[in-house]
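Take the given structure of chain A and dock chain B to it, following the hints.
There are 2 protein chains.
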Amino acid sequence: MRIEMIATGDELMSGLTRDGNFFWAGDALNSIGLEIALHTTVGDDRERIEEAFGAALGRADAVIVSGGLGPTSDDLTAEVAARFFGAPLELNKEGLQSVMDRLKAKGRELTEKNRKQAFLPGGSRVLANRWGTAPGFSMVRDRTVYYFLPGVPREFQALMTEYVIPDLDARYKDRSPVRTKLVRTYGLPESEVARMLDGVEREGVRLGYRSHFPEIHLRLTAYGDTDSEAELRMSEMTADIMDRLGGYVFSTEGETLEEVIGKLLRERGMTLSTAESCTGGLIAHRITNVPGSSDYFLEGVVSYSNEAKMQILGVPKEALEAHGAVSAPVVEAMARGVRGLSGSGIGVAVSGIAGPSGGTEEKPVGTVFIGLDHVERGVSSGKFLFYGTREQIKLATSEKALDMIRKILLNNV
Amino acid sequence: MRIEMIATGDELMSGLTRDGNFFWAGDALNSIGLEIALHTTVGDDRERIEEAFGAALGRADAVIVSGGLGPTSDDLTAEVAARFFGAPLELNKEGLQSVMDRLKAKGRELTEKNRKQAFLPGGSRVLANRWGTAPGFSMVRDRTVYYFLPGVPREFQALMTEYVIPDLDARYKDRSPVRTKLVRTYGLPESEVARMLDGVEREGVRLGYRSHFPEIHLRLTAYGDTDSEAELRMSEMTADIMDRLGGYVFSTEGETLEEVIGKLLRERGMTLSTAESCTGGLIAHRITNVPGSSDYFLEGVVSYSNEAKMQILGVPKEALEAHGAVSAPVVEAMARGVRGLSGSGIGVAVSGIAGPSGGTEEKPVGTVFIGLDHVERGVSSGKFLFYGTREQIKLATSEKALDMIRKILLNNV
Numbered sequence: 008m009r010i011e012m013i014a015t016g017d018e019l020m021s022g023l024t025r026d027g028n029f030f031w032a033g034d035a036l037n038s039i040g041l042e043i044a045l046h047t048t049v050g051d052d053r054e055r056i057e058e059a060f061g062a063a064l065g066r067a068d069a070v071i072v073s074g075g076l077g078p079t080s081d082d083l084t085a086e087v088a089a090r091f092f093g094a095p096l097e098l099n100k101e102g103l104q105s106v107m108d109r110l111k112a113k114g115r116e117l118t119e120k121n122r123k124q125a126f127l128p129g130g131s132r133v134l135a136n137r138w139g140t141a142p143g144f145s146m147v148r149d150r151t152v153y154y155f156l157p158g159v160p161r162e163f164q165a166l167m168t169e170y171v172i173p174d175l176d177a178r179y180k181d182r183s184p185v186r187t188k189l190v191r192t193y194g195l196p197e198s199e200v201a202r203m204l205d206g207v208e209r210e211g212v213r214l215g216y217r218s219h220f221p222e223i224h225l226r227l228t229a230y231g232d233t234d235s236e237a238e239l240r241m242s243e244m245t246a247d248i249m250d251r252l253g254g255y256v257f258s259t260e261g262e263t264l265e266e267v268i269g270k271l272l273r274e275r276g277m278t279l280s281t282a283e284s285c286t287g288g289l290i291a292h293r294i295t296n297v298p299g300s301s302d303y304f305l306e307g308v309v310s311y312s313n314e315a316k317m318q319i320l321g322v323p324k325e326a327l328e329a330h331g332a333v334s335a336p337v338v339e340a341m342a343r344g345v346r347g348l349s350g351s352g353i354g355v356a357v358s359g360i361a362g363p364s365g366g367t368e369e370k371p372v373g374t375v376f377i378g379l380d381h382v383e384r385g386v387s388s389g390k391f392l393f394y395g396t397r398e399q400i401k402l403a404t405s406e407k408a409l410d411m412i413r414k415i416l417l418n419n420v
Numbered sequence: 008m009r010i011e012m013i014a015t016g017d018e019l020m021s022g023l024t025r026d027g028n029f030f031w032a033g034d035a036l037n038s039i040g041l042e043i044a045l046h047t048t049v050g051d052d053r054e055r056i057e058e059a060f061g062a063a064l065g066r067a068d069a070v071i072v073s074g075g076l077g078p079t080s081d082d083l084t085a086e087v088a089a090r091f092f093g094a095p096l097e098l099n100k101e102g103l104q105s106v107m108d109r110l111k112a113k114g115r116e117l118t119e120k121n122r123k124q125a126f127l128p129g130g131s132r133v134l135a136n137r138w139g140t141a142p143g144f145s146m147v148r149d150r151t152v153y154y155f156l157p158g159v160p161r162e163f164q165a166l167m168t169e170y171v172i173p174d175l176d177a178r179y180k181d182r183s184p185v186r187t188k189l190v191r192t193y194g195l196p197e198s199e200v201a202r203m204l205d206g207v208e209r210e211g212v213r214l215g216y217r218s219h220f221p222e223i224h225l226r227l228t229a230y231g232d233t234d235s236e237a238e239l240r241m242s243e244m245t246a247d248i249m250d251r252l253g254g255y256v257f258s259t260e261g262e263t264l265e266e267v268i269g270k271l272l273r274e275r276g277m278t279l280s281t282a283e284s285c286t287g288g289l290i291a292h293r294i295t296n297v298p299g300s301s302d303y304f305l306e307g308v309v310s311y312s313n314e315a316k317m318q319i320l321g322v323p324k325e326a327l328e329a330h331g332a333v334s335a336p337v338v339e340a341m342a343r344g345v346r347g348l349s350g351s352g353i354g355v356a357v358s359g360i361a362g363p364s365g366g367t368e369e370k371p372v373g374t375v376f377i378g379l380d381h382v383e384r385g386v387s388s389g390k391f392l393f394y395g396t397r398e399q400i401k402l403a404t405s406e407k408a409l410d411m412i413r414k415i416l417l418n419n420v
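Protein sequences appear in the order of chains A and B.
Residue numbering for the first sequence follows the numbering used here, beginning at 8 and increasing consecutively.
Residue numbering for the second sequence follows the numbering used here, beginning at 8 and increasing consecutively.
Simulated from the structure, these hints should not be mistaken for lab results.
One or more hints might be untrue.
Since the list can't tell identical chains apart, any single copy or any two copies may satisfy a pair.
Said to hold, decoys possible - Result set (DSS-like, lysine-lysine): computed pairs, CA atoms no more than 30 Å apart in a straight line:
(1) K370 <-> K188
(2) K188 <-> K123
(3) K120 <-> K270
(4) K113 <-> K390
(5) K111 <-> K370
(6) K113 <-> K370
(7) K120 <-> K407
(8) K270 <-> K414
(9) K407 <-> K111
(10) K370 <-> K123
(11) K390 <-> K111
(12) K111 <-> K180
(13) K111 <-> K188
(14) K111 <-> K270
(15) K414 <-> K180
(16) K188 <-> K324
(17) K324 <-> K407
(18) K370 <-> K270
(19) K123 <-> K270
With the rest of the complex left out, here is chain A:
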């Protein structure tokens, strides 16, 4: 079984549009145990499109083509397909019905441009499109089946879901049961994760790494002759990975770090507040991306200036003068200050040098202090050095702060 995809469109080649259909289809097919063997993208060019169709012929069992079915002059897919299959374009009655139904639903008249969309290669199977005017279609040549779908993501996804995925699912009945899982880790470089997982791989499970700065994600795919074999392999592999990586793993069920913290805060009936300098609000932004976060997130202060640190958070002037804004005494006072201000169970504070300027020999760009004040465990802080651009340093700092909150909630510090 070999499935290929071909995406067409000048906007994909020139950095104007990011191809979300491939990403979506990869996930949708993987989750039912199918995979895309090869993906090709070409511009709106007759020769290159036909070349791509030809390359897949015989080699692939199924080819999913997206884009080029619209009403404009650079929509070439049906025309090229007609030539490729040796089946001239003809007005397809079912196709015309699909176009007219859609126009009617939108209260629009049939135009010559839309009528063009119903001209399909002779002998096509029409994949009626209730989400847009372009009908999809499929054709078979030399036992390779080609599916032609519109490139508009909503329409692509709808026709995949309605026709292509059920088709492929039925076609490849004899494939192995499969389970997939995403394990998210933070705190180790990829090479170190790989070293700690050396030898963890086993029959029937595939392990893939994804660097998702500043996290490393592991994607596990377990196969088996039966569902329960796939299930067992997955749970054994997951347990082994957890044993090896321990607290570096923050999620095995797809949650983000901020979702994990939200869950922990909610379970423990704890509340949180933030005092941010160098992250400029990013920590609060991430925490509040989680629906329902108003239940445990009380308030945040972005104390960019020293005045704000003193005035709102009550950081002593002496601490700022003696140690500077980027120091342990100051982040500890900030954490204490914001926890006192909000009455939260935990206060977290960061101060650092995000760059690109402002670094010194003693405190280079990327130097960050993070303080925590916990209602029962008191105040603590740590000093860190992060690398990268301004935005990366902000992101790395927010991640570390969130991870410290996670660990204190797990009693793991």
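Just chain B now, kept in the frame of chain A:
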């Protein structure tokens, strides 16, 4: 001249990672008048990778390969390249230097896994990587040059910029002069931008649309027989677009909205503070993504709870009780409060319902109030309704608030 790209990685095939490198490279090459003819993506599979290398051989002049240079067992690119070029892997001194320099900069020791990254096909040209441990390399076969780059976006972009783009630029000297420009707009849907620009297209200039939520970007590419012809066509087209779109255009020189505001604040010697409820810190985060923003951004308050709105910002209890937290009187009081607290020239405040729950008939999810307090012009506010997910509503709100700041700074409200 034919340039192809090959991306490798199971994570790309399985919907784990969206390929940003292709998107980035398409844009970067287009802006110097080069184009990608074909893009292929394959998983971490020796046969398929080699098949993709082979398909490009002879057909393409240059092939840019990304991914598979990491230290883990699914990083196969160097091994497959060695077989493809008939040049066995050997420890490359320059490559080892690149790895060691990078590890040293990060204060890390050389591990066996990292050492693996310095084994390159014999005769490779090393593309030293100062941004990560994986050195890139290039090889030539039958007049097709292959560039092998890491898949990590930051490293891919850095090696493209440092080696590949200058190489290709020099190689294809005889192409037409080209100018590109990105015009960023905010405030109109794409169909309306297209309607206002109907008929603006002219000989020698291409216009492409990119939806970059919540902004619409226009990509202009002007060609000419000479540099000055391309230049003239670009400036005429840009002037025409500015005439038609006016204040909806916020940048023609590549700046983000937050950079535009930063520039305006700096020019006018003004300072800014923020009081955020539903955006949860996102506005402050965006403002502080700009280097040097501490010169004009004084402080931010994320007043998620009503207590914070009253206690820190001095929002009257009566306003909260009479109108609710999501109301004009409350955002106006928040804006006044944060401006008073910080002493800034402008205070901006937002309060809304980001969802997915919390909406009512009167104030559905997406209802947002934005208030401004300006030192000379006093307090004003507006009510808006945004659509989308929680994160989209947060983003749309932050964009609108930043655009209101831009307009008040331009005296354009």
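Verification of the hints:
no.	hint	result
1	K370 <-> K188	neither (40 Å within a copy, 39 Å between copies)
2	K188 <-> K123	between (42 Å within a copy, 28 Å between copies)
3	K120 <-> K270	neither (46 Å within a copy, 36 Å between copies)
4	K113 <-> K390	between (49 Å within a copy, 16 Å between copies)
5	K111 <-> K370	between (56 Å within a copy, 19 Å between copies)
6	K113 <-> K370	between (51 Å within a copy, 16 Å between copies)
7	K120 <-> K407	between (48 Å within a copy, 26 Å between copies)
8	K270 <-> K414	within (13 Å within a copy, 40 Å between copies)
9	K407 <-> K111	between (45 Å within a copy, 23 Å between copies)
10	K370 <-> K123	neither (59 Å within a copy, 34 Å between copies)
11	K390 <-> K111	between (54 Å within a copy, 20 Å between copies)
12	K111 <-> K180	neither (38 Å within a copy, 53 Å between copies)
13	K111 <-> K188	neither (39 Å within a copy, 35 Å between copies)
14	K111 <-> K270	neither (38 Å within a copy, 39 Å between copies)
15	K414 <-> K180	neither (44 Å within a copy, 57 Å between copies)
16	K188 <-> K324	neither (50 Å within a copy, 48 Å between copies)
17	K324 <-> K407	within (27 Å within a copy, 37 Å between copies)
18	K370 <-> K270	between (35 Å within a copy, 28 Å between copies)
19	K123 <-> K270	neither (47 Å within a copy, 40 Å between copies)
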